[in-house]
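**Student:** Chains as they are written, first to last, in this note's numbering: chain A, 936 to 1072; chain B, 936 to 1072; chain C, 936 to 1072.
To be clear, the hints were calculated from the coordinates, so they are not data collected in a lab.
Just to be clear, a hint being listed does not mean it is correct.
Identical copies look the same in the list; a pair holds intra-copy or inter-copy alike.
Unchecked claim - Straight-line C-alpha distance at most 20 Å; calculated DMTMM-like pairs for lysine to aspartate or glutamate: (1) K953 with D1002; (2) K947 with E985; (3) K1018 with E997; (4) K953 with D973.
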Amino acid sequence: MPLTRITLTEGKSQSYLKAVSDSLHQALVEAYDVPPTDRFQIIQQARPGELVFDRAYFGGAEGPRSDDFIIFAITAGRPRSTKVKAAFCRRLTELLAASAGIRPADVMVVISTSQMDEWSFSDGRLQMVEAAEAAVV
Amino acid sequence: MPLTRITLTEGKSQSYLKAVSDSLHQALVEAYDVPPTDRFQIIQQARPGELVFDRAYFGGAEGPRSDDFIIFAITAGRPRSTKVKAAFCRRLTELLAASAGIRPADVMVVISTSQMDEWSFSDGRLQMVEAAEAAVV
Amino acid sequence: MPLTRITLTEGKSQSYLKAVSDSLHQALVEAYDVPPTDRFQIIQQARPGELVFDRAYFGGAEGPRSDDFIIFAITAGRPRSTKVKAAFCRRLTELLAASAGIRPADVMVVISTSQMDEWSFSDGRLQMVEAAEAAVV
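Start from the sequences, fold in the hints, and give me the full structure.
**Tutor:** Here it is, written out as structure tokens:
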């Protein structure tokens, strides 16, 4: 159910973008209780000057942010606990480091949570509402 | 008051984009209680690899998602009932099919709701707050 | 902590974009209680037809919106009062007029608020939660 907007500076290879996409999805499935086929992502490759960020604010232990800085803005459909959010962010940085060589210092995550009845996946239907109603019956 | 981000794969004609824009606005006006001149949309035309989606997750009755897959991410200014949200999503798919030939299976909607005092349309003023105060008086 | 998406029509100079970025950040620091180094912005330069807006809806005192229309979509990490939001929007239009010649009629702001535990700035950690816990101790 999450929809994620991934923003990074342009110039990366298709295989790099694929590794980022795969790592995000794997972290969501492993640590954020997301079904394996529930995958929806939008990638924005910023041109020079379009991605503005401070190098040091709440920066990583290994040093300031680099030009590989990447933002994951996730809209989720139902709340998760702080513990789950923490585990997900940690797992995401591990996977990105392993698959694409991205330093944990360069990974920012922002989550927003909406309601179950604010998602239509197809056919103009509110599938999460229907699923919840079916579960009650 | 809604602000909508529309994301689809690049390569469509201007008339196609116009039909999408018009259909969204008509659905909002008809079924989501939006004033006819309250129209604010941002279109993102994704390059190859930038729009990542599963073809089957909560897919449509007519088959899997195609390359015409399109996401409407709507930020609304005040809550609507589940019934209104359902009617809007249904109407949107009808209009998109009629105006642009988009299959209902290819239409995803994600709504987020913010507060009345989180909107400034111009002049640095919070017009929704002012309107509400005027209505009370 | 805010993350802002700035959308305007393409064709502006780098110095114009810089003035917009600086003015937004200054307004956040002066009027929205944001630390001086807490700066994260994504700029989207829309191509023809990608930015759709009504020229008159809740328009400014100086006349309809022009092609310089600009949207600031801000995700904030904690709530602010209506008074603070109003002061911020007012200050933003003042600064944009002074630094980039943008008319207040052309400035739209939409704020969304998420939770403290929905932000990871680096290292897969939830720094706002850690800061809050440290403050309690």
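**Student:** Next, verify each hint and record whether it holds.
**Tutor:** Going down the list of hints, with the structure as the test:
no.	hint	in the structure
1	K953 with D1002	both (18 Å within a copy, 18 Å between copies)
2	K947 with E985	both (16 Å within a copy, 12 Å between copies)
3	K1018 with E997	neither (24 Å within a copy, 40 Å between copies)
4	K953 with D973	within (16 Å within a copy, 30 Å between copies)
Hint 3 from the list above is the single one not met by this structure.
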